[in-house]
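Undergrad: Sequence:
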Amino acid sequence: RAGRDGEAAECILLYNGSDIFTAKWMIEHTEPNENMTAAEQSAVRYQDMNRLNRMVDYCTKPGCLRAFILRYFGEN
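In the working numbering, the protein residues as written are 1 to 76.
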């Protein structure tokens, strides 16, 4: 429900920096996709790393995470 019913909602972020290494390894060692060219696979890998880096930025960002989310969606 996450606050959609008008009630307050709570969010807990569980983060462990060592998880980054596991996620990076999984991205780097993804099985080749026979339906994609090498360039396409490289682009997907780049996009996945970019997403991971954005998540890490969010988890390690000092300051108000709510403001960070609002800025992401173009709000104040």
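Think of the hints as simulated: they come from the structure by calculation, not from any bench.
From a predicted model like this one, the values you see are computed outputs, not experimental measurements.
Some hints could be false.
Each pair of labels, with its calculated beta carbon distance range [unchecked claim]:
1. Asp19 - Arg66: 42 to 52 Å
2. Gly3 - Gly63: 16 to 26 Å
3. Pro32 - Phe68: 17 to 27 Å
4. Asp57 - Trp25: 11 to 21 Å
5. Asn76 - Asn33: 19 to 29 Å
6. Thr37 - Ala8: 21 to 31 Å
7. Ala38 - Arg4: 14 to 24 Å
Note that CB positions come from ideal geometry on N, CA and C, so glycine has one too.
Undergrad: Next, verify each hint and record whether it holds.
TA: Status of each hint after checking the structure:
no.: 1; hint: Asp19 - Arg66: 42 to 52 Å; result: violated (23 Å)
no.: 2; hint: Gly3 - Gly63: 16 to 26 Å; result: holds (21 Å)
no.: 3; hint: Pro32 - Phe68: 17 to 27 Å; result: violated (35 Å)
no.: 4; hint: Asp57 - Trp25: 11 to 21 Å; result: holds (19 Å)
no.: 5; hint: Asn76 - Asn33: 19 to 29 Å; result: violated (41 Å)
no.: 6; hint: Thr37 - Ala8: 21 to 31 Å; result: violated (49 Å)
no.: 7; hint: Ala38 - Arg4: 14 to 24 Å; result: violated (44 Å)
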